[in-house]
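Student: So you can see what is in the structure, the chains are spelled out below.
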Amino acid sequence: MLTFERVDVSIQRIPILRGIDFAVRERETVALVGRNGAGKTTTLRSVMGFTDIVGGRILFQGEDIARVAPHDRPALGIGYAPEDRRLFSRFTVEENVLLPARVAKLDASETQRRLARIYEVLPELRDLGPRPAGSVSGGQGKMVALGRALMLATRLLLLDEPFQGLAPVLANRYAEALGRLRDLAPEIAVIITESNPALLRRFAERTVTVERGAIASDETASIAAA
Amino acid sequence: MTLNLAFIALLDGLSYASLIFLVAVGLTLIFGVLGVLNVAHGSLYALGAYTAATFGGQLVAAGWSPWLTYPALVAAALCVGLVVGGLMERLLLRRIYDKDPVLQLLVTFAVFMMLENVQRMIWGVQPYYMASPLQLLGNVSVFGINYTAYQTIVLPVLALAALLGLRFFLRRTDAGAQIMAVTEDREAATAIGIDATRVYFVTFVVGAILAALGGALATPTTSVVPGMGANMIVLSFAVAASAGLGQIEGAALSALIIGMARSFAVYLAPEFEVLMPYLIMVVILLFRPYGLFGTVQARKI
Amino acid sequence: MRRAALLVVVALLLALPFLAGPMLTLGTIVLAKALAVLGVFLLLQAGQVSFGHGMFFAVGAYSAAYIGAAWRGADLLVLAVAAAGLSALAGLVVGLFVARYRSIFFGMLNLAFSMVLFAVLEKFFHLTGGTDGMRIRRPTLLGFEFGRGSFDLVLYYFVLGLSLLCALLVWQYLRSPIGQALKALKSNETRLEYIGLSARNTVLAAYVLSAVLCGLGGLSLGIVQGLATPDYTFWTRSSEFVFIAVLGGTGHVVGAFAGSLVYEAVRFYAAALLDDSWQLILGAVLIAIILGAPGGIIDLPRRFGLAGRKRKAEAAPTDAAPAMRAPYREGAAS
Amino acid sequence: MRAASPSGSPLLSARGLEIRFGGVVAANGIDLDVFEHENLAIIGPNGAGKTTFLNICTGYLTPQAGSVRFEGGELIGQPPRRITRLGIARAFQIPQLFTEHTVLENMLLAAAVRERSWNPFRSLASLPQRGEMLELLDLVGCADLHDKRAADLPEGQRKLVDIAIALALKPRLLLMDEPTSGVASADKFAVMEILVSALRTAKVSSVFVEHDMEMVTRYASRVAVWSQGKIQMTGEPTRVLSDPDVIRTVIGG
Amino acid sequence: AEKPAELKIGITTYASGPASVFGVPARSAAEMLAEQINARGGIQGVPVSLNFVDEGAGVETLTSEYRRLVDQVGVDVMFASISSGVCNNVAPLAEDLEVLNFMWDCGTQRIFEEEDYDWVYRTQANATPEILAPLLYLLETRPDFKTVAVVNQDYAWGRDSWNIFSTALKTLKPDVEIVAELFPAFGAPDYSAEVSRLQALAPDVILSTSWGGDLDTFVRQANQRGLFANSQFVLPLAESSLERLGADLPEGVIVGARGDHYFLHPERRGDEDFKAFTEGFRKRTGAWPIYSAFHMAQAFAALEAVYDKATKANGGEWPDHEQVREAMDGLEFRGFGRPLKIREDNQGVEAQLVGVTVSDPAYPFRVIDKMEIYPAEPIMAPAGEESIEWIKTLKPDFLATRGDRFDHAR
Ligand SMILES: Nc1ncnc2c1ncn2[C@@H]1O[C@H](COP(=O)(O)OP(=O)(O)OP(=O)(O)O)[C@@H](O)[C@H]1O
Ligand SMILES: Nc1ncnc2c1ncn2[C@@H]1O[C@H](COP(=O)(O)OP(=O)(O)OP(=O)(O)O)[C@@H](O)[C@H]1O
Ligand SMILES: [Mg+2]
Ligand SMILES: [Mg+2]
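Chains as they are written, first to last, in the numbering used here: chain U, 1 to 226; chain Y, 1 to 301; chain X, 1 to 334; chain B, 1 to 253; chain S, 1 to 410.
Note that these hints are calculated values from the structure, not bench results. One or more of the hints may lead you astray.
Said to hold, decoys possible - Here are the simulated DSS-like cross-link-like pairs (lysine-lysine), alpha carbons at most 27 angstroms apart as the crow flies: (1) S:Lys8 with X:Lys123; (2) S:Lys8 with S:Lys341; (3) B:Lys148 with Y:Lys99.
Okay, chain U solo, but in the shape it has when bound (with noise of 0.2 angstroms):
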């Protein structure tokens, strides 16, 4: 369903994603693993149409992404995480995680089966909810941002580094939220990137491996066997 066809991406001319390569099915959850600077966050934000792709193209059902504008992708069902949280600090944390759905103008059943879905995945959402989101800590951060893309990602979700700087305790939960979350939903593709692979061993059953911009191997269930 996501396809990159030799992907060059540059940033100020400088050359950061060299022939990127590698297809992401229906239902299927893909670990995009690398070094620090490989490029795994500039692939991610080249699907969401943050980066300036020189060559290549990127399919996603077939079409070609770059005839979506970046703020219309979201509403083909990708729902995206940042590194970095990006949340919005003068929301609440309830009102993030609720906006995409604002902006994308679904009806009231539909949020409320959404978040409950998202509730689900993510208990401790719901006591944090009223907190301006700009007081949560590192970690709690975290899981709002997952909840964030959670309310639009119905075809294709992607993390970026979704386990650093959260507490093992946190870690697992959320490694169990991603698990809960492929039961509960399985149509939907997840690709995440870590450069922890051990804790991806219960999910992810493929790993792309990155190195200096570059697709460096592609191994199906290579971490489970690890």
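Fit chains Y, X, B and S with the ligands to the known structure of chain U by using the hints.
Tutor: Just chains Y, X, B and S with the ligands, lined up with the frame of chain U:
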């Protein structure tokens, strides 16, 4: 100074404050959302005034009912805000949002200079004036002092309406929520489906309309002259900075303080009248370094 | 390559009197303003925009006027030293207040202070000559008196020397640790405090220096015009300095000179060509330069691929600068 | 680095720290001593107040009650820069870099402040500490990045550079907030290994907040467990990490 | 000397900013006059050419432009300027450049009182008579007033003119009480507070030397709120606002014209050249000429006169610049008012016209009636004396100074 006089000074301050609030709130809005300190805001004010004077003048000259000058004022503000503000955003600002904010300032300054010139080419240098809205409503008398109903009632009511309207718009509507989100983080907003480009456009145009509306509403009481924009812009800066950035309510309060200070100065210390906005700005900022309603958003560390 | 270009420019500046003849005074004005712009340029390194540096410009000009009035035939060197000293003092006093403010609040507080000075100069007209200002008589230099023609020449070289010296000093200052700390303040003030440096003092030091530069600029322009007026403290003049600095480019001290030259030249020729449409021309030229070269005029050669070497990233201001942004945007920057 | 129980006089001692933000109590009577030559790890669930503790110790936040003494002197009420000059350096959870400067310039600035090199006629690039700073960068594995602009670094490397800046200050006590979160797992042990041995040689005490229990077991000499603004327990790593309460609240079953 | 191909005139005037309400009409007048002169064959057979400089472009640009015009274009005479600030700037410059400079509109009296100039002349009166004349008129027509308030723009002219007026008032009529001195900002959009305060005080006389949009705004706001009903207004510069203000300016207001000029000048309105000027101007611009246009005409008149005189003195030969300058001493010339003379301190000696507003069915705006034209000498400080000091020495008999009265002939 007797109580009566104090009350009278209060009324005077109110009408003045209403006018500068209308202009300054547009500036604050644009600054809060786009991060652009729009020097050309003064030109939009002036253009609003000229256009309103022209529209109104034509209406009256053509023998229409003078009551129609009221809609003409609003129409003028909409025209200027949409056309000039819209073009400015589309053709210029849009290209430089990702650039250093000082550059944006410079661009708006250049636009300011050009518009001053354009304004002179269209309307010449003679002062314009359009008194119908003022004369229609006549005067009201308070403690034996005559006031124009326009200044003591219409202007404050409109300013209040603008304040409440903007508050409602930003806090309660979806569009307002989108604006607030874009204000904080453009990219994250895009990632949840907000069309930041449109939000910027709409915000700028709304700000421009407010500036033009300020100018249009000034035409019944003031002469429309070359250079009027330059005077207004510093005043708006003072209001916006003392208010705290992007603070709508703050802008209302600081406009009120500056308006009151000015009118009380006329009674108590006329020497300081001109200095008042600056003195107030110094005092407010010394005690509240981020303005009246401004808060330090601590950097996450 | 760049050094060679610089040498050519300096040589041209030295030869200007023989090339430009009657336009010499325009050259002096450009240099005098460049001095003040250099001061504003310095603060721009920290991302701080002052809309009030005209006040130090005025301090420079008025100190010349007062000293000249009290002591007929005061020497230019004496005036320069006095202007520098007094503007440093003024810079210190005002700086103590404004150095802890940032972004628009810094700009506006400066504006407010300069407008207060403006009003004082106008109000106490018995002492200051009011709006009409005060005459500045032609000073001697090293005890020599000069007639008009030769004084124009002497003044040109004096201001040229002064501004080149100041440019060199500023250039070196910005390379030094304290100057680099000033630039660092633009990107991360928190870290600055956490390496043990007071952000406020860093700004204060630069502020005093910038006040001196503006003071010397004001002195120079005052002597060119033979007059010190409250106009020098008006906010439009201060913002003009900012605009020239940005126009020239904040990446290198040369920007102050390039900006000043282009701005004055465009304004002058636009005014000469079309006395009632100069604003339109100046505005259009400004926009063209900004859109064409966001790094300022000094960025133009690079833009058109004329520069031999790739300049470092510092040349082009980047989006990371929260200079005039609302403070809450800073959160998103890191 | 398995120094047994702490000995000698405390370098830093916090007593009765309290701070609340609105309804959230982020410090609720924190008492903690940090001794010379120890590596104290702070663990705890997200939002427990770990960063807040570091913020109080470095003058970023003023607590509503309590005191923090460093070598006998009170830190509360002092600005960060003074505390830094007393010998407490800090690396941040979200890296704090001079983004417009190169990595080396970031380091040199720290060195210049440390050495008080305020001679305006000497340029930053020519400071004699250049070599020393490159060595420090090498220590955290970032030597080859020295002329990259800090803004262009990916998250993981920013963290490492942030630590290097703190080291450049030659502190007596180093506070690190999740020093290697975001650093690829392939690298983080290597980096931490070198870092900890360097700290030991330089006799620098350190406090680090950490979520990776493997890091804690390997490199901490003592652990303090945070929970809802309180210290739940302190002690030797293996003992603390096997405590059932800690397992339940922090580590997870 | 050889006759040049043309006589080059440099003119500084406002094309931008608030003062362009004076600058632009003056510019039109200059263009019209130049055309007329050239149509007549020029000055002594030499056609004139004009070079304008915008005073609004800032004083550095202005001085650079001034130098360029003198050094490179080689203008023979400069007309500079409207703003007193600019006059202060260019007077020493003209002296340095040795170019004949007519201060064609600026009013500050101090310039010649503080400094001697060889090349700088003023072709109209200065602030002293321009303010004293309306004061005399007031004292003559409303001698019994007790209280005065002032509303002036907060800049040099506003302050200086009030200084002259109040000093004279204290000297001549010390029992008058000054109840309010208000100096709203230049360009202020709103005078509500001032109007309220004046209503509360109800002073017998309200003075305002404001001009342009500021004066219009003040008058309209004051009129709307009935301030004119109880106070006698004195507006020494209102001649330039009459046509714009239309019916918003009530009757009975004392107005001045900064000199002896008015498009219905009682002594000149019948003259052919006068009519050619006023009506030509109206055709050209759509408005009647105001004082800045008349001042421009005076500068041209002085130029023609001085070249005539210098040529005569030079035996019919074209004079060089030095000879022209010498001919300036005691020059007599006539614009569209009474004849003028250049005094030994280079100051022009010009009569002053004051009157009150009335309505006239022939015009959709107020016109001046009950005009009094004051002779110049008695109401200006003698050469070499400082105006303010001189005013302080005035004796009560000064109040008897009268001009010639004219009632508007319908
Ligand atoms: N704005 C920028 N300008 C220049 N280079 C950049 C910029 N942003 C990222 N880069 C470079 O792009 C490369 C890839 O960065 P990216 O953030 O995608 O890495 P990553 O794999 O996500 O790393 P990490 O695990 O540290 O998050 C890095 O080498 C980085 O230096
Ligand atoms: N400036 C602040 N304003 C309001 N609340 C705050 C502020 N700083 C911290 N908090 C709150 O205090 C609590 C403790 O925050 P802190 O950042 O210290 O947590 P932490 O233990 O470091 O968590 P993490 O491991 O996720 O970084 C959190 O609930 C947080 O929301
Ligand atoms: Mg990344
Ligand atoms: Mg933390």
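Student: Each hint should be assessed against the structure and marked as holding or not.
Tutor: Hint by hint, here is what the structure shows:
1. S:Lys8 with X:Lys123: 40 angstroms, violated
2. S:Lys8 with S:Lys341: 24 angstroms, holds
3. B:Lys148 with Y:Lys99: Given pair Lys148 (chain B), Lys99 (chain Y) holds - Cα atoms ~21 angstroms apart, limit 27 angstroms.
Of the numbered hints listed earlier, the single one contradicted by the structure is hint 1.
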